[in-house]
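**Q** Note that the protein sequences, when read in sequence, are chains A and B. This note's numbering puts the first residue of the first sequence at 62, with every later residue one more than the last. This note's numbering puts the first residue of the second sequence at 1037, with every later residue one more than the last.
Be a bit skeptical, because a hint or two may be false.
[To be verified] Simulated DEER-style distance windows between Cβ atoms:
#, chain 1, residue 1, chain 2, residue 2, range
1, B, E1083, A, K276, 26 to 34 Å
2, B, W1072, A, D259, 15 to 23 Å
3, A, K276, B, K1090, 13 to 21 Å
4, A, K301, B, P1066, 21 to 29 Å
5, B, K1090, A, S175, 25 to 33 Å
6, A, K84, B, T1058, 22 to 30 Å
[Unchecked claim] The calculated SDA-like cross-link candidates involving lysine to any residue, where the alpha carbons are at most 20 Å apart (straight line), are:
#, chain 1, residue 1, chain 2, residue 2
7, A, K75, B, K1093
8, A, K237, B, L1060
9, B, K1092, A, Y171
10, A, K166, A, K75
11, A, K84, B, K1065
12, B, K1092, A, S175
13, B, K1092, A, R134
14, B, K1090, A, N143
15, A, K299, A, S175
16, A, K273, A, D196
17, B, K1092, A, L206
18, A, K169, B, H1061
19, A, K303, A, D259
20, A, K75, B, S1053
21, B, K1092, A, L110
22, B, K1065, A, D281
23, A, K299, A, S185
24, B, K1090, A, E142
25, A, K243, B, D1056
26, A, K303, B, K1065
27, B, K1065, A, K195
28, A, K166, B, S1053
29, B, K1093, A, K237
30, B, K1093, A, K273
31, B, K1059, B, D1074
32, B, K1092, A, K299
33, B, K1090, A, K75
34, B, K1093, A, E142
35, B, K1093, A, P135
36, A, K169, B, L1060
37, A, K303, A, K243
38, A, K195, A, L206
39, A, K166, B, L1060
40, B, K1059, A, D281
These aren't lab readings, by the way, just hints derived from the structure by calculation. Where is the CB? At the ideal position from N, CA and C, for every residue including glycine.
So the chains spell out like this:
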Amino acid sequence: MNLAIDQWYTRRQKDPEGDLYRKIAGQSPQNNFNSTTQGLFLAAPDGTLLGFTNNRSPEWVREMLKKGIAAYRPTETALLENRTPDPGYNYRPPEGGLVVTVTTKVLKGYEAASTTEIGFFQNSLGRDVLWVRKDEHEALARGELMDSLKRRLAMFNLLDNTRGEPHHWEASEVKKIDLSLKNGVLSGTVHLETASGDRAYIADLRGTVESKNGKVTRFDVVSRGQAWGASGCTLTAKPKDKFTLAVACRLASGTDEADRVMPQGAKSWLPDYLR
Amino acid sequence: MMVLLLTALLGVQQGLSDSDCTKLHASLKPPTAELWRDIPWKVSLLEAQNQAAKEKKPLFIWSMDGNPLGCG
């Protein structure tokens, strides 16, 4: 059984799900729950740790899995119940809203990669989601683009997340959002920049928004522009100078498990994200 | 006309055309064949534990800062 999680949430959850995660991670070297517990774990369904590595090379992971599976003895285990999930860490997309898949890529601006790993970073596709509220969805279906949606898209999705988690843009760093929706065409420009000017994204946006019977059926929007700087976990192997960054949005299919992932921007506080 | 000519000569990108938009959108679509996506990942520990317990299989957990299936 394969599970992909953001441990930032799970290690903090005050409910049976969080208890099980802390039981598993607590048996590994990642047992300080005031800090990251990231890594690859193999555990029995009752939470007994069978293996752990924080080295992501295929050889290390294969070896860890081989040893852990060999040590595993299947037994009857009670099904975990979580009748009252910790609301602070179990966000759900807004009812009647939309889930939009957002991908990001650095198109131009890297020097030749010096290692295979840096090459992976340079070619990677950043992924995130954008949650759209019910009222914003209804407005879009009428052909209107609400300011709150423009702001959320700009602050949390128009950024370089291709090498890890960046800092999102603060409200004061949104210098300009000039976006409009006319006859199903979304277009405009944004200018996002820190006060010191060490990080920015100045871009054009364009796309198609279609709806049928009051529901949005297409939200294909792209952004392309010049960016510079990096933040948070994206500092590793960042482009040295200015670079071309592109972002693409499309409605989530709803059939992909990844569609259930919570937006990166909601991490600190969902109400603020959806504001 | 002069502005258009200068723009073309200097190679400056002005806005996004419908054609740019379509090409760019397609190029940023996640590939359909990615080995790591062939693995049937779950994102709920509760659901994964329940299935693992029913099938008496171990749980393999990819635990990161940011969900590995998305979010940076």
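**Q** Against each hint, give a clear statement of whether it holds in the structure.
**A** Status of the hints after comparison with the structure:
no.	hint	in the structure
1	B:E1083 with A:K276: 26 to 34 Å	holds (28 Å)
2	B:W1072 with A:D259: 15 to 23 Å	violated (33 Å)
3	A:K276 with B:K1090: 13 to 21 Å	violated (36 Å)
4	A:K301 with B:P1066: 21 to 29 Å	holds (27 Å)
5	B:K1090 with A:S175: 25 to 33 Å	violated (48 Å)
6	A:K84 with B:T1058: 22 to 30 Å	violated (50 Å)
7	A:K75 with B:K1093	violated (26 Å)
8	A:K237 with B:L1060	violated (23 Å)
9	B:K1092 with A:Y171	violated (47 Å)
10	A:K166 with A:K75	violated (36 Å)
11	A:K84 with B:K1065	violated (38 Å)
12	B:K1092 with A:S175	violated (45 Å)
13	B:K1092 with A:R134	holds (9 Å)
14	B:K1090 with A:N143	holds (17 Å)
15	A:K299 with A:S175	holds (12 Å)
16	A:K273 with A:D196	holds (16 Å)
17	B:K1092 with A:L206	violated (49 Å)
18	A:K169 with B:H1061	holds (16 Å)
19	A:K303 with A:D259	holds (11 Å)
20	A:K75 with B:S1053	violated (50 Å)
21	B:K1092 with A:L110	holds (15 Å)
22	B:K1065 with A:D281	holds (11 Å)
23	A:K299 with A:S185	holds (12 Å)
24	B:K1090 with A:E142	holds (14 Å)
25	A:K243 with B:D1056	holds (19 Å)
26	A:K303 with B:K1065	violated (24 Å)
27	B:K1065 with A:K195	violated (26 Å)
28	A:K166 with B:S1053	holds (19 Å)
29	B:K1093 with A:K237	violated (52 Å)
30	B:K1093 with A:K273	violated (44 Å)
31	B:K1059 with B:D1074	violated (26 Å)
32	B:K1092 with A:K299	violated (44 Å)
33	B:K1090 with A:K75	violated (25 Å)
34	B:K1093 with A:E142	holds (18 Å)
35	B:K1093 with A:P135	holds (7 Å)
36	A:K169 with B:L1060	holds (13 Å)
37	A:K303 with A:K243	violated (32 Å)
38	A:K195 with A:L206	holds (13 Å)
39	A:K166 with B:L1060	holds (10 Å)
40	B:K1059 with A:D281	holds (12 Å)
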